[in-house]
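A.B. asks: This is what each chain is made of:
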Amino acid sequence: MSPLLYLDTARFGLMVPRVKQTIATLNRLISTEGLSSRFETLLYLGFQAWPTAWQNRYPALADWHGVTELKTSLCQRIDPRSEWPVYLSLRSANLMKLAARLLFQRCTKVLVTDLEWPGYVNILNQECQRVRGKIVEVRVRNAALRGDISAEDLCRMVSRQYRRQQANGLFLSVVSHHGVRFPVTAILRELEGGQTRPDFTVLDSAQAFGHIPHDFELENCDLLLAGCHKWLRSHHPLGFAVSIRHRSHNFVRLVMQNIAKKWDADDPLLSLTAQPKDVSHSGSSETIDLSGVFCARAALTHNTSASEATRFGILMANGHDLEQATKETPWQPLLPHPTLRSGITLLRAHDPTIARLPPGFVRERFFRHGVALTTYDQGLLRVSSPETPILADESDQFRAALTS
Amino acid sequence: MSYRSPMAIRPSKWQRRRSVLLSFKFLGTSIFGSLVMALVSTFASLPAQIGILGASISVLIGLVVAFLEQEGDREERRTEILEKLQIPIALAPEGDLFDQYSIFASALSELAKQTDPVLRDIALLKLSAIAEEMKSLAKGQVIFSGTESWRTVYEEILQTPGLRDYWSVAWVKTSDYWQDPPGKQSMRVNLDLVQEGLRICRIVILRDSLWPKGEHFPLPPIRSWIEDQYNRGINVSLIRESELVPEPDLLSDFAVYGDRATGIQEVDENSRTTRFTLSFDRQTIRLAQNRWQRLTLYAVRFGDLIDRMPPTL
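Protein sequence lines correspond, in order, to chains A and B.
Converting from the first sequence to the working numbering requires adding 448 to each position, the first position being numbered 1.
Converting from the second sequence to the working numbering requires adding 27 to each position, the first position being numbered 1.
Worth double-checking, as some hints may not be accurate.
What follows is a set of in silico ranges between Cβ atoms, one per label pair, in the way DEER data are often shown [to be verified]:
1) B:GLU110 with A:ARG608: 57 to 67 Å
2) B:ASP192 with A:ARG608: 21 to 31 Å
3) B:GLU293 with A:PRO661: 50 to 60 Å
4) B:GLN320 with A:ARG604: 22 to 32 Å
When the alpha-carbon atoms are kept at most 27 Å apart in a straight line, the in silico BS3-like pairs for lysine-lysine are as follows [said to hold, decoys possible]:
5) A:LYS710 with A:LYS557
6) B:LYS211 with A:LYS710
7) B:LYS211 with A:LYS709
8) A:LYS710 with A:LYS582
Chain B regions said to be covered by chain A (calculated; three or more residues, Cβ under 8 Å) [claimed, not checked]:
9) 235 to 241
10) 256 to 266
In short, the hints are calculated from the structure, not lab data.
Beta carbons are placed, not taken as given, at the ideal position from N, Cα and C, and that holds for glycine.
Construct the complete structure from the given sequences, taking the supplied hints into account.
C.D. replies: What follows is the structure, encoded as structure tokens:
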């Protein structure tokens, strides 16, 4: 039987080998040491602080240099020259709650598009109702997925609605869960040049981090949300928020600390990392699952082997191969304009009979043919390009699954 | 089918009254007048008859005119009395106000029994002051003079359910502004309410000595007072006082509480409140909102100042 062709990274990335080694070694350490002071030395000060004998015993933990270094590495993956404050969380939803709180403390009307992740929009709606704010939704999905609009058009549509609706806050995905890559630099520049500039801007980079090169300008972004368990493929969920714009550093920190205090039981990692540097070494009052932070660090090391641009080039080439494989099958790719494309492609069923099938059933059928991908209602498939070049037999395997 | 109720069919007290033509006063006066005129026409000459007839008619017209004038005065007095009676009727559903009205009314009745002229003079003086204050309240205006007690009402308004936006203009002349215990307490309320979801926008007008030209930020300690507010979620913007020279009417310390009320604070040179006027009048609120909009044209967002901060060595 052929190995599984994994095309579901947009939902959950396959664990990279380096993470596999790290997690196995970490489990070995914890099973013998528990949370001893030796483990705490490793956690706070890093592998280098250990005696050589211990380093030799657990060599796969060599990537770990402490929580502070992890935050710096995450931040520098986005911009190598930056030293922005980073907050870690066991659950990305908690960071979104924070983002919603920040947005509606500064803004009365927040603009979103219909391409945002519905779970995040729900959180935004809840906060909006709590403070009686307003959310303005710009409908761009259909036009973007049909390929009717370019990045320039999308920028124009968003900024026009922003001005018309007199919004003063912004929440945008860098890459939507449908695979539309937003021209965030152009949008933010356009809005910052206008009369009513955003009082607070949040970018959702959950589908972008580890996927597309972060070569876009971030100077006008206040907070960027991302995670390590999708395209970075760290396996254990770990969300993080980067406070980018200088003016918002203290604002974000104070709100984060307030929220972290209230959510102690819910997200002890957030509580731990929201503390000032000198306090964070003093230990946490609650047991935290730290696998996520160790895995994230190992995944970051794994991903340094090639530049982001090179890896994105491979993703796009693979995407093209997968599109080609759909020819003469009952599935048709929904291709956005080339300026909006990413490593995620949506496929739609031609055949109404297939379109009516339950998503779980379709997913299972593809799995039986050795392909893992995301399925939605109304005959929609989401295909995430793999990061290694697709082989000819993999293309055939995908085509066979589509045809079946 | 008849729409007339049985009450309408029954003759009223007035309808059942006997006709004026059958009254003794009318019949007696008419018979007496007719007899006099009969004697005149029998015994007097024609010119004398015409003269007497003319005089009688003139007297009659004079009586009618005088009667109408008296009736007019009487009607006016009657209306005044009725209007006064209407006040307690209008107040009756407003239980709390009616209680106060009753207390005032009975106190005034008691006061009317006092005959000492000195007491009455003092009472009238005090009453006229109370009346002025009442008139101001009726216009939707509350004035607090020389006291910080206005902050209690201010905090109550800010905590009103449904209030979404609070715009505040702080005209800061000294670094003591809102640094006394009542001021700090009000700021704590502001910061707590931001956490609850109230959106606070504050424009700080700074005297040039507190934000000299050429300085990127205001001088400490005002800078940290502003910075703290900004970092805790208040949208702060700044204006140098000298920039408002062309529009002196914008130099004011005021606030707009949604579309509910507006307040004007007057402070002395030591930043102590000398007077605080709270107004619930729609027109005054609109004027304050308009003044706020004009101020935003001069204001620089504090966040922009942070972003444009020159690099430190």
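A.B. asks: Do the beta carbons of B:GLN320 and A:ARG604 sit within 22 to 32 Å of each other?
C.D. replies: Since the Cβ atoms of B:GLN320 and A:ARG604 sit about 28 Å apart, the hinted range of 22 to 32 Å holds.
A.B. asks: Counting residues of the region 256 to 266 of chain B that have a beta-carbon nearer than 8 Å to any beta-carbon of chain A, does the count reach 3?
C.D. replies: Holds, because 5 residues of the region 256 to 266 of chain B bring their Cβ atoms closer than 8 Å to Cβ atoms of chain A.
A.B. asks: Given a hinted range of 21 to 31 Å, is it respected by the beta-carbon distance of B:ASP192 and A:ARG608?
C.D. replies: Roughly 25 Å apart at Cβ, these two residues keep to the hinted range, so it holds.
A.B. asks: Taking 8 Å as the C-beta cutoff, is the stated coverage of the region 235 to 241 of chain B by chain A satisfied by three or more residues?
C.D. replies: Violated, because only 0 residues of the region 235 to 241 of chain B bring their Cβ atoms closer than 8 Å to Cβ atoms of chain A.
A.B. asks: Below or equal to 27 Å on CA atoms is what counts here, so check B:LYS211 against A:LYS710.
C.D. replies: Measuring from Cα to Cα gives roughly 25 Å; hence the hint holds.
A.B. asks: Is the straight-line distance between the alpha-carbon of B:LYS211 and that of A:LYS709 27 Å or less?
C.D. replies: Holds, because 24 Å separates the two Cα atoms, which is no more than 27 Å.
A.B. asks: A:LYS710 and A:LYS582 were given as a pair; does the straight-line alpha-carbon distance stay at or below 27 Å?
C.D. replies: holds, 25 Å
A.B. asks: Just tell me: holds or violated, for the beta carbon distance of B:GLU293 and A:PRO661 against 50 to 60 Å?
C.D. replies: holds, 58 Å
A.B. asks: Need the status of pair A:LYS710, A:LYS557: alpha-carbon distance at most 27 Å?
C.D. replies: holds, 26 Å
A.B. asks: Given the hint of 57 to 67 Å, is the C-beta distance from B:GLU110 to A:ARG608 inside that range or not?
C.D. replies: holds, 59 Å
When the structure is compared with the earlier hints, a violation turns up for hint 9 alone.
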